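Undergrad: Each protein sequence line maps, in turn, to chains A and B.
The first sequence: position 281 = 281 (my numbering), numbered continuously.
To convert a position in the second sequence, counted from 1, into my numbering, add 1000.
These are calculated hints, taken from the structure and not from any lab test.
Among these hints, one or two may not hold up.
Unchecked claim - Below, simulated DSSO-like cross-link-like pairs (lysine-lysine); rule was C-alpha separation at most 27 Å, straight line:
#, chain 1, residue 1, chain 2, residue 2
1, A, K163, B, K1330
2, B, K1382, A, K8
3, B, K1140, B, K1079
4, A, K90, A, K38
5, B, K1382, A, K119
6, A, K38, A, K311
7, A, K119, B, K1079
8, A, K8, B, K1064
9, B, K1038, B, K1354
10, B, K1402, A, K119
11, B, K1346, B, K1064
12, B, K1402, B, K1064
13, B, K1064, A, K119
14, A, K8, A, K320
15, B, K1356, B, K1064
16, B, K1382, B, K1330
Predicted model only: the values in this text are computed from it and were never measured.
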Amino acid sequence: MQFPGQGKPPVGILFDSDMGSSIDGALALALLYGFDGKNEARVISVSVSRANLSSAAFCEAVGRFYAGAVNGGFGGVGRTLPVGLADYGKEREETPMLSVPLAKMTPDGKPLYAHGIHKLNDTAEVPALIRNAFTSQYDQNSIAILAGPATNYAKALDVAGFKELAARKCRFLAMTGGAFPDGRPEYNIQTDIPAARKLFAEWPTPIVVSGSEIGEALAFPAASIERDFAWSPAHPVVDAYKAYRPMPYDAPSGDMSAVLYAVHSQEGYFKLSEPGTITVLDDGRTKFTPSAQGKHRYLILDPAQKDRIIKIYTEIASAKPVPRVPRFRLKELKEKEEKEKLLKEKEIPVPPSEVKPPAAP
Amino acid sequence: MITGKALARRTFLRGIGTTIALPFLDAMTPAMAATTAKAPVRMGFVYVPNGMDVRNWNLDYEGKLGELSRIMKPLEPFKDDILVLGNLTHNNGRALLDGPGDHGRCCGAYLTGMQPRKTMVDIKAGISCDQIVANHIGNKTRFPSLELGLEDARQAGDCDSGYSCAYTNNLAWRSETQPLPPVLDPRALFERLFGNGVALSPEARALQSKYRRSILDFVTGDTKKLETNLGPTDKRKLEEYLSSVREIERQLEKAEKDNAQIDPKMPKPYGVPADFAEHFKLMTDMLTIALQADLTRVFTFLVTREGTSRAYRELGIPDGHHPLTHHQNKPELMEKVSQINTYHVKQFAGWIEKLKSIQEGDGSLFDNSMIVYGAGLTDGNKHNHEDLPTVLVGHGGNNFIKTGRRIVYRKETPMSNLFLSMMDRMDVHSENFGDSTGRLDGLDLS
């Protein structure tokens, strides 16, 4: 939630992924919460296009790990952001990168990584969630990230008034998908071709795409998992990483590149292509057609920036959770108290307690 | 005028200054069409302010209704006839960059589904769903809609952190800039329903009452003529109906007499009973008549205004309702909030009983209605707008709504989706309403 009179808050980020399909989604979420903790971005919406409760549960567990129970968002101070989950399409299978961390228990038999998602109605309806997240933001102070198939954002485009709202509130969409400039088939696009086509055709803001060549060239080092996250005896992303494949392995980081570009688009981590238009062919290949009026661009890796990028990936994704200093309505409440002489401290939510990492199992 | 064997639906008993519409009678159904005749579907909204003590409102289960929560307990006899809905959200009640003022916003957004403009002057919300329906079907009834309330409804000034009182004191909005203030005075409502539309001053009313006869006396001639065309069942129905009208008159006269004794100069409307429960009953009794006689099919009822500080001394609660809801989780204050919430539901349950007692075709007036009982805030202490307390009662005609259940929708599901589905049931079809994202699944048997 953003309140006037306090200056613009950091850019609000909507994060939609197919959490569970590959480990870079989890790394990207960790990176995003790292930026959130540094007050360089604010997570305002998390949604999942992979139709499996564990995908949403893992996202919520990671959110609670980083932000405790004080993530305000539009859900209100003191409420955890609801996680949106696609309830369309076939249900997806369980995967170890989700099931292993979610199954971990504390010595007294409680889930090591707490979450509140056990049935479908513990999750949010995605189009409403995404639309509502935009409504709570200042104009041009939010960015949408897509780290998976375009299913959810395509659904949101069908909501009355969504396109106009997104055009007003959103700077751009940063997404992973396709391959550039060669256009070879890529998983995110292939998984839902109609949604990808709709997104490229109808999304009302500029779109910046990180092709698969970016993620493949920027492998997240396994050594960082062992070294940089060691401050925590238990970390959901580390457990997911270790469960995804036998260690040690370096992981492609395409989704992280979308997060990094979204939060720090002006800092030269990546070069941008000329503007153009991306179309999706029947077999899932992408075709980029340069055009001065085009709204689409793709990221280009500058080899000189590679070490710098890996450094920020590892530093921010492994950062300790930072207790959020609430930006809520203290000033306004005081005015109201003086006026009504009724409220005093009654509407001021309890300041967030320090977020502590879960105890070791 | 009463003519012919098949009685016209729009038959009235007329007398000097009096027009009494009739309830749905068997004689209004041609014999050959008896099996296909359908009573109209009614749609209404009963709104209670300041959220709920959610500890004592929420149910911890889904599916078939079992034991109800403490606040819902008065609805226990009717639990087969209600739907308890969970997770419905009014995003436009949230701050959305507008800062404090949840009471003003939530009420302005409740039936409009729109974000009210934060202002005390150039108010703007949206056309409310009841008025969308009234615009489509209102020509079929004497009143396109009725707007009722029980508390002061001033329309100007600041009622919540810069939000005009027009937001906190109205539910129905004819246009995005024109709210429809509720009628608070039972006498005014009575005269609107049965009179010639001329409002009397309190002094004139007092003078009139000295010599007044029942309005039924003025329509004796028409009543007798009508009765000759009715069978025994219809005669009984008519007798019960007219007795209800007479009972309302008596209640009004009592209230006026009591008010005169308490303080002849009291500022509140002349016919408003001092007792909250009596006021509630009197207004809903008249609303029942209006629905029964098909004077309207659409209504809103703002039980008390959003943010009200009304005290409930009849419950031994001298504290204002709104201040109590800022309870800081103090048990003694939360207990009082629960008592007020329960008291409201109890009055509502009393009205449901009345609606169920009125036969209409093969069912009851209740069966042919769908009424939302709800609040625009969830928890008055937190001022939140998700999982709003919502009960849908009635069957919406022809057993359309499958009741007796608790349905928990997905988080962020717009309340507007419910209203869009209700509009469908009233045969008013729109692609969207307010901030809807679609229709609400699971309400009906289909």
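Undergrad: All the hints need checking, so say for each whether the structure fits it.
TA: Hints and how they fare:
1. A:K163 to B:K1330: violated (45 Å)
2. B:K1382 to A:K8: Holds, at roughly 24 Å.
3. B:K1140 to B:K1079: violated (32 Å)
4. A:K90 to A:K38: violated (38 Å)
5. B:K1382 to A:K119: holds (25 Å)
6. A:K38 to A:K311: Cα-Cα ~16 Å, so holds.
7. A:K119 to B:K1079: holds (25 Å)
8. A:K8 to B:K1064: violated (47 Å)
9. B:K1038 to B:K1354: Judged against 27 Å, a Cα distance of about 21 Å means the pair holds.
10. B:K1402 to A:K119: Answer holds: K1402 of chain B to K119 of chain A is near 23 Å, not above 27 Å.
11. B:K1346 to B:K1064: holds (22 Å)
12. B:K1402 to B:K1064: holds (11 Å)
13. B:K1064 to A:K119: Roughly 18 Å separates the two Cα atoms, so the pair holds.
14. A:K8 to A:K320: holds (25 Å)
15. B:K1356 to B:K1064: holds (21 Å)
16. B:K1382 to B:K1330: holds (14 Å)
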